[in-house]
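Chemist: So the chains spell out like this:
4 protein chains.
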Amino acid sequence: MRSLEFKNRTSSESIKSLKLITAIKTPYLPDGRFDLEAYDDLVNMQIVNGVEGVIVGGTTGEGQLMSWDEHIMLIGHTVNCFGGSIKVIGNTGSNSTREAIHATEQGFAVGMHAALHINPYYGKTSLEGMVSHFERVLSMGPTIIYNVPSRTGQDIPPRVIHTVAQSANFAGVKECTGNDRVEQYTENGIVVWSGNDDECHDARWSHGATGVMSVASNLVPGLMRELIFGGKNPSLNAKLMPLIKWLFHEPNPIGLNTALAQLGVVRPVFRLPYVPLSLAKRVEFVNLVKEIGRENFVGEKDVKVLDSDDFMLIDRY
Amino acid sequence: MRSLEFKNRTSSESIKSLKLITAIKTPYLPDGRFDLEAYDDLVNMQIVNGVEGVIVGGTTGEGQLMSWDEHIMLIGHTVNCFGGSIKVIGNTGSNSTREAIHATEQGFAVGMHAALHINPYYGKTSLEGMVSHFERVLSMGPTIIYNVPSRTGQDIPPRVIHTVAQSANFAGVKECTGNDRVEQYTENGIVVWSGNDDECHDARWSHGATGVMSVASNLVPGLMRELIFGGKNPSLNAKLMPLIKWLFHEPNPIGLNTALAQLGVVRPVFRLPYVPLSLAKRVEFVNLVKEIGRENFVGEKDVKVLDSDDFMLIDRY
Amino acid sequence: MRSLEFKNRTSSESIKSLKLITAIKTPYLPDGRFDLEAYDDLVNMQIVNGVEGVIVGGTTGEGQLMSWDEHIMLIGHTVNCFGGSIKVIGNTGSNSTREAIHATEQGFAVGMHAALHINPYYGKTSLEGMVSHFERVLSMGPTIIYNVPSRTGQDIPPRVIHTVAQSANFAGVKECTGNDRVEQYTENGIVVWSGNDDECHDARWSHGATGVMSVASNLVPGLMRELIFGGKNPSLNAKLMPLIKWLFHEPNPIGLNTALAQLGVVRPVFRLPYVPLSLAKRVEFVNLVKEIGRENFVGEKDVKVLDSDDFMLIDRY
Amino acid sequence: MRSLEFKNRTSSESIKSLKLITAIKTPYLPDGRFDLEAYDDLVNMQIVNGVEGVIVGGTTGEGQLMSWDEHIMLIGHTVNCFGGSIKVIGNTGSNSTREAIHATEQGFAVGMHAALHINPYYGKTSLEGMVSHFERVLSMGPTIIYNVPSRTGQDIPPRVIHTVAQSANFAGVKECTGNDRVEQYTENGIVVWSGNDDECHDARWSHGATGVMSVASNLVPGLMRELIFGGKNPSLNAKLMPLIKWLFHEPNPIGLNTALAQLGVVRPVFRLPYVPLSLAKRVEFVNLVKEIGRENFVGEKDVKVLDSDDFMLIDRY
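Going down the list, the protein sequences come from chains U, V, X and D.
Mapped onto the numbering used here, the consecutive letters of the first sequence carry residue numbers 1 to 317.
Mapped onto the numbering used here, the consecutive letters of the second sequence carry residue numbers 1 to 317.
Mapped onto the numbering used here, the consecutive letters of the third sequence carry residue numbers 1 to 317.
Mapped onto the numbering used here, the consecutive letters of the fourth sequence carry residue numbers 1 to 317.
Looking at chain U on its own, in the form it has when it is part of the complex (with noise of 0.2 Å):
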């Protein structure tokens, strides 16, 4: 599919000028397959409340557990029911070449507006590897890089940074080192968006960032929207702080999927290897909505505790 013209292009610019990204959560039926209708809820609440980009299959909406027919399938249908209202962008990334390749040309083919794009985790491979690896995407499409080392075992340098963003498709960086890093690039006009919740904030109003991927805004999307767009407000920063604690107490999306079960906006299903957060861990969640405010979360249903027998966990999914 090389050197293809596809309709309706997004350009890498209109990309940069996103401010509030959701990584969005993959809701599933009782077989483990996607729960569609759970799923387009969720993207419409993130709609209503002012999300302005949701990326599709990342390690929150649990990519690493979907086959690529799964991910491209719900890219796609992500686009095709919500492209006008929001942005797309695919996590077709991997740590296989021909994998990153594949899943980006089908991505875009389905009209996914960008592409986020990781470092070969796990296998690992040499800076000059790193480069490769990202050429050989970077041609297809608005590109953000995504830097997580506590996931994937290496950090990518701002040499490798500064080498991509070379490309007319380079969008931006997806970073999770902190807010020195973050400033490292804003300084020399690499757009930048936090991909921490807990940092974002100042990362926005101190740091030069462009915005956020965030997980907390799978639960409350109004107040992240006014995290980020409305100044700084270092009270409400500090008002959000206990739930994104909370939500990062285990490794993400464990304390997501909890979360949006007991909100009553998922099934309670997780595919294995992720296991629901403990009864005293749910417990404190039901407190946190209430100091926050359940007209702040997603959904309309009471927040539960939900029974340990309330989860199901499905391993051949």
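No lab work stands behind these hints: they were computed from the structure.
Mixed in with the good hints, there may be bad ones.
Restraint-style ranges between C-beta atoms, simulated for each label pair [to be verified]:
#1 D/Ser167 x X/Glu295: 42 to 52 Å
#2 X/Ser150 x U/Val48: 20 to 30 Å
#3 X/Ser150 x V/Ala280: 28 to 38 Å
#4 U/Asp31 x V/Ala280: 50 to 60 Å
#5 U/Ser14 x D/Ser308: 34 to 44 Å
#6 X/Pro30 x V/Ser167: 53 to 63 Å
#7 U/Ser14 x V/Arg316: 34 to 44 Å
#8 X/Ser206 x D/Ser11: 50 to 60 Å
#9 X/Val305 x D/Ser11: 42 to 52 Å
#10 D/Arg9 x X/Asp198: 39 to 49 Å
#11 D/Arg9 x V/Gln166: 43 to 53 Å
Take a look, some chain X residues computed to stay more than 12 Å from chain D by CB distance [said to hold, decoys possible]:
#12 Ser12
#13 Ser67
#14 Ile75
#15 Glu128
#16 Ser206
#17 Glu226
Backbone N, C-alpha and C fix where the C-beta goes; we use that ideal spot for every residue, glycine too.
With chain U held as given, fit chains V, X and D onto it using these hints.
Modeler: Chains V, X and D alone, transformed into the frame defined by chain U:
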């Protein structure tokens, strides 16, 4: 993805009204991947000439040579680029019930307007098995059943059609066994599209068929529009007959693939087991184009004979 | 994996000498996955009764309902467990040249002794395309060509066979079009196995066939051994005929699947689109077993009629 | 494939006794497919030099760049060709529980003797999730757990190991966090293989490790045999250290891939994102070979520096 409500779902009724549907060709790049630029041009020429629907990845489009992820991607791509201008019918049928279910779920999820379903070819099954197979997919959305015993080795008899026709999603039959069968259905209120270009004029104007699912319309969409919309026209039908005979000299889409390459609208790349028509037949095509008029065919380049060396036969696509 | 030299490669000559080959049934667990315990028992009963080869994932073994990774796994499993006692012929054919190449490479890599190749069913192609298709896989190892136009919709004519027979890897033909064709080949030195249980006695003893690729031998391997090795035996042939007619009352393997479940050697689990034979037919089978003698059939449990409720029909396997 | 009884199943005890296991390299043809001829030679050289087991498709063998069907094929191939001479340990782990289950079932079905399982890298999970993940595969056969937090981003703590060690199938741990952790396990009766070539001598002779899962043994299997079987040997260990440091200058298997190409035992073909070591490093390797002695390395050709142009980097493999 059970019981999900898709956005913009098309009704079976709106599918039933389509008269001219093209089993669209899938063009390839020299390495065997899809040539989406050429594909987009092909679809666009269909729209411009008044074709109302395309079958994506039919036998003409070589769905049998696609991996399912290629197939679903192409459906999603077509919906995304052209879904507002033309109905997209995904050939998500299979001789494996598992594959038919999976592909049909995915096809509707990425927005196809209807599914085309074949009975289990090659493996075959009992009539009871055939009904069970179709029942597994009928609940998902508007469905057209495709009967072509010369390919499948097994006729779908009227009693199977009458059983599946009970479903609200049943839109009609693509029938290739001849106009007696067509009339038998249309007299009983079942919508039929002729699956044979050489019989479609009579099917439409004398046997009650709603229209045609055409191969020839890939080449002469405007003339096929006239044939199907313009009233009884035996002289146009007679004029097209030599072209249609030429097209089906070898199993479809061998003729179509050769013709489109000669017209310069697709690269002369074949996925095996298809190979181009012989030199003598290619010379014949050039003459057919002259007789019918180059202006009635798609594309704007001169029609060429092409050397045998011009064709690329790909085995690892 | 070009030009690799496999260990323990079997010669085409050793394949040509096999007389009794069973198209082995694939049994399932209640969730639709392979029941390898039952499978191992089935293969073992074949070996004990003097069967010389098995076709893995043939149409009888429902290769058309397998994913390729299941299919190759089953070939590798069979080689690993039984490759020293019986020849393993993988049905790695496909109507997609790409898939046939890939599966055949993998099948030989995991040790299969020969490949069975079908012409491109459903999609069909020209005779030139058919030859090109077979040529792409013939170089890989011993190859049997399978002609069954009632399934494929297209006969493989003798001139195609004579062309591919030039390859040193060509072992012979599994022919289903009748004993005239069989004799036409055997008179010209081409090895033929009858693909029809009802014709195989005459094929073997009157028309020069080397033997049979049998479905019935799944049920009565010892009697089939006698029929094929023991010299002309019209009375045994006549004795088996009612069973064979029963077996093919509906498209194979519907009868076989039903029979093996009734004999208690496989779970009554069907992958759709296959469904069991009717109650009346199941009663008939019990009587056939009594007439032929339970001791001639595989397994040791009493043959049962089974209730319709005993059967499980799986659609997402 | 639940509860099946595999033929020739290896006991966990026999796995526990293996001292020298090589994480075997996967060599490629110029189009990126496996070069099975070269692979067979590599495995054969391991056997000849006294290596007792191979890990197929480990990170060294680039399992992360394989499709699962390639991976399972390679396991089946290795079992079929060499299973009588060397233990075959399939790296059927994954960060997706579904994939780990599926691959492990298939790996045991084609005859692998043991599975190597990683914790969910990149996606990560809670300790409870980690245990649940391992529990889903432990029932299938002898299992080695692999801890390499520098790749996975998450340590497997001793309490997880002690939990999974309750399973009769638990064979031991491949540990990369250092010899303190090794000793902590071996003192408690848990079998450990060092996953670090630079620490394995001390692990074996001073910290109770059973042996090593080695990368260096791809190059110098005889010397590694001596190091692990021949008693404490600090001078041999010191002699090997420069080679080992060289090997891990860039993330493994970059060094190994480069070295084996320089030794002429594999084609200089890299699957991206891996790229060869620099010219300076390649010159260094030639000197290392001279110092240690060409005769101690695999292959018989002269070691070469190779030009940068000699290497082929493949992205669509």
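Chemist: Hints broken by the structure, by number, lowest first?
Modeler: The structure conflicts with hints 2, 6, 13, 14, although it agrees with all the remaining ones.
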